[in-house]
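Colleague: Sequence:
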Amino acid sequence: MSDLTVVARESGLHKGLTRSQAVMISLGGAIGTSLFLSSGIALGYAGPSVLVSYAIAGFIAVVMVFSLSEMAVMHPAAGSFGAYAETYLNPWAGFVVRYTYWFAQVIATGFEAVAAGIYMTYWFPDAPVWLWSLGFALIVLFVNSRSVRHFGTAEYWLAFIKVTAIVLFVILGAAHIFGLGSKPIGLHNLYALPGGFFPHGAHGVWMAVILGMLSFVGIEVIAVTSGEVPNPEEAIPSALRTMALRLFLFYVLALTVVAAVIPWMQTGGSVTVAQSPFVKVLAISGIPNAAGIMNFVIISAALSGMNTNVYLCARMLFSLSRGNYAPRWLGRLSKSGTPVGAVLLSGAFILAATLLAKFTPRAYAYLQGVALFGAIVVWMIILVSHFRFRQAHKGQVLPVRMPFFPVMQIAGLGLLAALLVTMGLDKDWNVSWIVGVPWLILLTIAYFIWKRSALPRPAVLQPTAP
Numbered sequence: 156m157s158d159l160t161v162v163a164r165e166s167g168l169h170k171g172l173t174r175s176q177a178v179m180i181s182l183g184g185a186i187g188t189s190l191f192l193s194s195g196i197a198l199g200y201a202g203p204s205v206l207v208s209y210a211i212a213g214f215i216a217v218v219m220v221f222s223l224s225e226m227a228v229m230h231p232a233a234g235s236f237g238a239y240a241e242t243y244l245n246p247w248a249g250f251v252v253r254y255t256y257w258f259a260q261v262i263a264t265g266f267e268a269v270a271a272g273i274y275m276t277y278w279f280p281d282a283p284v285w286l287w288s289l290g291f292a293l294i295v296l297f298v299n300s301r302s303v304r305h306f307g308t309a310e311y312w313l314a315f316i317k318v319t320a321i322v323l324f325v326i327l328g329a330a331h332i333f334g335l336g337s338k339p340i341g342l343h344n345l346y347a348l349p350g351g352f353f354p355h356g357a358h359g360v361w362m363a364v365i366l367g368m369l370s371f372v373g374i375e376v377i378a379v380t381s382g383e384v385p386n387p388e389e390a391i392p393s394a395l396r397t398m399a400l401r402l403f404l405f406y407v408l409a410l411t412v413v414a415a416v417i418p419w420m421q422t423g424g425s426v427t428v429a430q431s432p433f434v435k436v437l438a439i440s441g442i443p444n445a446a447g448i449m450n451f452v453i454i455s456a457a458l459s460g461m462n463t464n465v466y467l468c469a470r471m472l473f474s475l476s477r478g479n480y481a482p483r484w485l486g487r488l489s490k491s492g493t494p495v496g497a498v499l500l501s502g503a504f505i506l507a508a509t510l511l512a513k514f515t516p517r518a519y520a521y522l523q524g525v526a527l528f529g530a531i532v533v534w535m536i537i538l539v540s541h542f543r544f545r546q547a548h549k550g551q552v553l554p555v556r557m558p559f560f561p562v563m564q565i566a567g568l569g570l571l572a573a574l575l576v577t578m579g580l581d582k583d584w585n586v587s588w589i590v591g592v593p594w595l596i597l598l599t600i601a602y603f604i605w606k607r608s609a610l611p612r613p614a615v616l617q618p619t620a621p
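The sequence shown begins at 156 in our numbering and counts up one residue at a time.
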């Protein structure tokens, strides 16, 4: 067995991300297209009780990200949770989780691109969605083919735009609700419409959790950046400290404004979505050009999500290559320290996913269902890996520590498993199983074929020096 650590095996990536960029990237990872666009579908499922749905999804996300960050501080590597699964579970788990996450992020980038194309119809209603989607995909591929410093700068400002916009949206919405400068509309829409706060009961709340989960996918980027940020033992805890507050602010408060201003029956309610409810709120606010400005912000959010997803895709392929689980050329770095081959291969698949919008108006729903299946499987493996991580480091002082272990992890795993079952039984979401289960079977077959090759076994992960 080689004495190389995974950190050494994945060396060569430049530590070009600053601490502030890492924090803002982790912020941006938690605010994507799903908040701005899919929240309309979630409101259709649950009505005002969507706030409960997103609180449940936020709980799962916090459990996952704290568990992951414990491991990331000890083992800063681009392969992140794939490397942890490989070490603390087995090589099959590491193989499956990295390829599944790559697949999920390729699909997620495709639906972010489709969403961006949908947003552009606000200004250009006759232009084909797929053409805009293709153009946006090419832009983020170009950014990611350059140095990580360029990626960090672009993502910092894209995330800054959407964070600032959400804060202003909440302030503006609160003023509209309570009548600061205009006639108050109050909170009537939250409880006094037909059905009250829970118009579709517990079933509606639970179905909206699926959309809430989709919104939080991407926060795991905090661990993947640990291999390209100086002093991850400081940067990662810094990004974590205000995670719960951010999630509350960006999701619960923003959705409260949407649900209070627009009757939930008018926000969507089907798997085909045409316009962001955030744009609808500002369109009726009476502020000149407010809706157009918010539409621009939401497009920035989509580009931010795509930018981060391409980064994640490339790092997963890079990690697989360095572990001898993928062709060696995917592990080669440019002079700027970027795995350009991994970026380009991921880009080819992203463009294919994007072009699905040309063939069906339900492209967004199909893509998000498949992406969420892969993300839930990955999150479950992260939590199981964390159980083994804690066993291996029992009694040690950890720089970051998840409170209430193992109760929180068990609750998170149970909720994730229940979501998977729900998606498999629901006609609008079962496409996730139709694609996801064969994918896992094919990956398992590919792993055992790969295992029989003459390639050397990858090195085990060892903690870095404190």
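There could be a bad hint or two in this list.
What the hints assert, rightly or not - Straight-line distance between alpha carbons at most 30 Å, and here's what the computed DSSO-like set of lysine-lysine pairs gives:
hint: 1; residue 1: Lys338; residue 2: Lys435
hint: 2; residue 1: Lys170; residue 2: Lys490
hint: 3; residue 1: Lys435; residue 2: Lys582
Unchecked claim - Pair ranges (Cβ atoms, derived):
hint: 4; residue 1: Lys490; residue 2: Gly341; range: 35 to 41 Å
hint: 5; residue 1: Pro418; residue 2: Leu597; range: 42 to 48 Å
hint: 6; residue 1: Trp605; residue 2: Tyr346; range: 53 to 59 Å
hint: 7; residue 1: Ile600; residue 2: Arg487; range: 25 to 31 Å
hint: 8; residue 1: Thr173; residue 2: Phe603; range: 39 to 45 Å
hint: 9; residue 1: Ile294; residue 2: Gly341; range: 50 to 56 Å
hint: 10; residue 1: Ile596; residue 2: Lys170; range: 34 to 40 Å
hint: 11; residue 1: Lys170; residue 2: Gln551; range: 40 to 46 Å
hint: 12; residue 1: Ile589; residue 2: Ile340; range: 40 to 46 Å
hint: 13; residue 1: Arg607; residue 2: Ala357; range: 47 to 53 Å
hint: 14; residue 1: Pro418; residue 2: Ile326; range: 21 to 27 Å
hint: 15; residue 1: Glu389; residue 2: Asp581; range: 41 to 47 Å
hint: 16; residue 1: Glu389; residue 2: Gln551; range: 15 to 21 Å
It should be emphasised that the hints constitute simulated quantities derived from the structure, not laboratory data.
Just so it is clear, CB atoms sit at the ideal spot from N, CA and C, and this is done for glycine as well.
Colleague: Of the numbered hints stated earlier in the document, which are not met by this structure?
Modeller: 4, 9, 11
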